Amino acid sequence: MKREEALALVKEHLRNKNLVKHCLAVEACMRAMAARLGQDPEPWGLAGVLHDLDYELTEKSPELHTTETVRMLEGKDISPEIIHAIQAHAGKVACGNPMDWAIFSIDPLTGLIIAATLMHPEKKIKAIDLDFVKRRYKEKSFARGARRDEIEECRNLGLELDEFISICISAMQRIDADLGL
0 MKREEALALV KEHLRNKNLV KHCLAVEACM RAMAARLGQD PEPWGLAGVL
50 HDLDYELTEK SPELHTTETV RMLEGKDISP EIIHAIQAHA GKVACGNPMD
100 WAIFSIDPLT GLIIAATLMH PEKKIKAIDL DFVKRRYKEK SFARGARRDE
150 IEECRNLGLE LDEFISICIS AMQRIDADLG L
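Sequential numbering of the sequence shown, starting at 0, is according to numbering that gives the first Met the number 0.
Quick caveat, the hints were computed from the structure, so don't treat them as lab data. On a predicted model such as this, the values are computed, not experimentally measured, just so you know. Note that beta-carbon positions come from the ideal geometry of N, C-alpha and C, so glycine has one too. The reader is advised that the hints may include incorrect statements.
[Stated by the list, open to error] In silico EDC-like pairs for lysine to aspartate or glutamate, Cα to Cα no more than 20 Å straight-line:
hint: 1; residue 1: LYS139; residue 2: ASP161
hint: 2; residue 1: LYS122; residue 2: ASP177
hint: 3; residue 1: LYS75; residue 2: GLU138
hint: 4; residue 1: LYS20; residue 2: ASP175
hint: 5; residue 1: LYS122; residue 2: ASP148
hint: 6; residue 1: LYS91; residue 2: ASP128
hint: 7; residue 1: LYS20; residue 2: GLU58
hint: 8; residue 1: LYS139; residue 2: GLU152
hint: 9; residue 1: LYS1; residue 2: ASP76
hint: 10; residue 1: LYS10; residue 2: ASP76
hint: 11; residue 1: LYS91; residue 2: GLU62
hint: 12; residue 1: LYS91; residue 2: GLU151
[Said to hold, decoys possible] Simulated DEER-style distance windows between Cβ atoms:
hint: 13; residue 1: LEU129; residue 2: ASP177; range: 17 to 27 Å
hint: 14; residue 1: ARG147; residue 2: PRO61; range: 11 to 21 Å
hint: 15; residue 1: GLU3; residue 2: PHE131; range: 31 to 41 Å
hint: 16; residue 1: GLU11; residue 2: LEU63; range: 17 to 27 Å
hint: 17; residue 1: GLU62; residue 2: PHE131; range: 34 to 44 Å
hint: 18; residue 1: ARG14; residue 2: GLY157; range: 33 to 43 Å
hint: 19; residue 1: GLU121; residue 2: GLY95; range: 37 to 47 Å
hint: 20; residue 1: GLU41; residue 2: ARG70; range: 28 to 38 Å
hint: 21; residue 1: PRO79; residue 2: PRO120; range: 44 to 54 Å
hint: 22; residue 1: LEU129; residue 2: GLY37; range: 31 to 41 Å
Modelling step: build the complete structure from the supplied sequences, incorporating the hints.
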């Protein structure tokens with residue numbers, strides 16, 4: 000599957016523009032993480048952009064999250080590794096490789112980075128840095144939905160938390176226009 004086809008599926012199934020932006024943020028971070036780890040960014044990016052494809056369908060039944068995505072992707076030219084990563088991000092299967100661990104940790108981190116950006120006086124992602132995000136990260140009441148324990152699983156990639164966060168900030172800053180930030 001090519002990125003254009005994946006993005007068309009996302010735009011077809013996700014009406015909420017913020018969810019589409021979230022998928023783009025996860026895609027950008029996954030591509031950057033793949034590059035940092037010496038992996039092919041293409042499949043990692045596809046996992047990122049498609050990971051919440053069924054979110055609006057399963058929003059009221061979170062236990063079903065990713066099951067509809069798997070169904071929607073049946074018969075499409077997409078590798079089992081990507082499907083596994085999509086399922087792993089939601090805890091439906093155990094993380095078994097770097098792609099799985101990356102998406103598991105990146106998914107909540109992108110939400111935290113966006114929330115931190117919106118708290119910044121400039122409300123621009125290019126205005127934030129690691130120190131600003133880390134201060135917000137340490138505030139347990141800030142962006143409670145961004146589960147710190149999941150973000151910290153980045154250690155399974157052999158990365159320290161600061162480097163992991165920095166890679167994602169930089170990746171998201173490169174697509175600031177797409178994110179509207």
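Right, here's what the structure says about each hint:
Proximity of LYS139 to ASP161 is assessed by CA-CA distance (about 17 Å); at most 20 Å being required, the pair is judged to hold. A C-alpha spacing of about 15 Å is found between LYS122 and ASP177, which places the hinted pair at or below 20 Å, so the restraint holds. Distance check on the hinted pair: LYS75 and GLU138 sit about 42 Å apart at the alpha-carbon level, beyond 20 Å; violated. Annotation: proposed proximity of LYS20 to ASP175 holds, straight-line Cα distance about 10 Å (limit 20 Å).
Distance restraint check for LYS122 and ASP148: the Cα-Cα separation of roughly 26 Å exceeds the 20 Å cut-off, and the hinted pair is therefore not satisfied. The straight-line distance between the Cα atoms of LYS91 and ASP128 is roughly 33 Å, outside the 20 Å bound, and the hint therefore fails. Proximity of LYS20 to GLU58 is assessed by CA-CA distance (about 17 Å); at most 20 Å being required, the pair is judged to hold. Restraint check: the Cα-Cα separation between LYS139 and GLU152 comes to about 17 Å, which is no more than 20 Å; the hinted pair holds.
With a C-alpha separation of about 9 Å, the suggested pair LYS1 and ASP76 falls inside the 20 Å cut-off, and the hint holds. Restraint check: the Cα-Cα separation between LYS10 and ASP76 comes to about 18 Å, which is no more than 20 Å; the hinted pair holds. Simply put, LYS91 and GLU62 have alpha-carbon atoms about 9 Å apart, close enough for the 20 Å limit, and the pair holds. For the given pair, LYS91 sits about 19 Å from GLU151 by alpha-carbon distance, which is consistent with the 20 Å threshold.
Restraint check, LEU129 to ASP177: a C-beta distance of roughly 22 Å satisfies the suggested window 17 to 27 Å. At about 19 Å, the beta-carbon gap between ARG147 and PRO61 stays in the expected band of 11 to 21 Å. For GLU3 paired with PHE131, a C-beta distance near 34 Å keeps the hint of 31 to 41 Å intact. At about 19 Å, the beta-carbon gap between GLU11 and LEU63 stays in the expected band of 17 to 27 Å.
Checking the proposed 34 to 44 Å range against GLU62 and PHE131 shows it holds: the Cβ atoms sit about 35 Å from each other. The hinted range of 33 to 43 Å is satisfied by ARG14 and GLY157, whose Cβ atoms lie roughly 38 Å apart. Between GLU121 and GLY95 the beta carbon distance is about 40 Å. The supplied range of 37 to 47 Å therefore holds. For the pair GLU41 and ARG70, the beta carbons lie near 23 Å from each other, so the given range of 28 to 38 Å is not met.
Between PRO79 and PRO120 the beta carbons are some 46 Å apart, a value that agrees with the proposed interval 44 to 54 Å. For LEU129 and GLY37, the Cβ-Cβ distance of about 23 Å falls outside the hinted range of 31 to 41 Å, so the restraint is violated.
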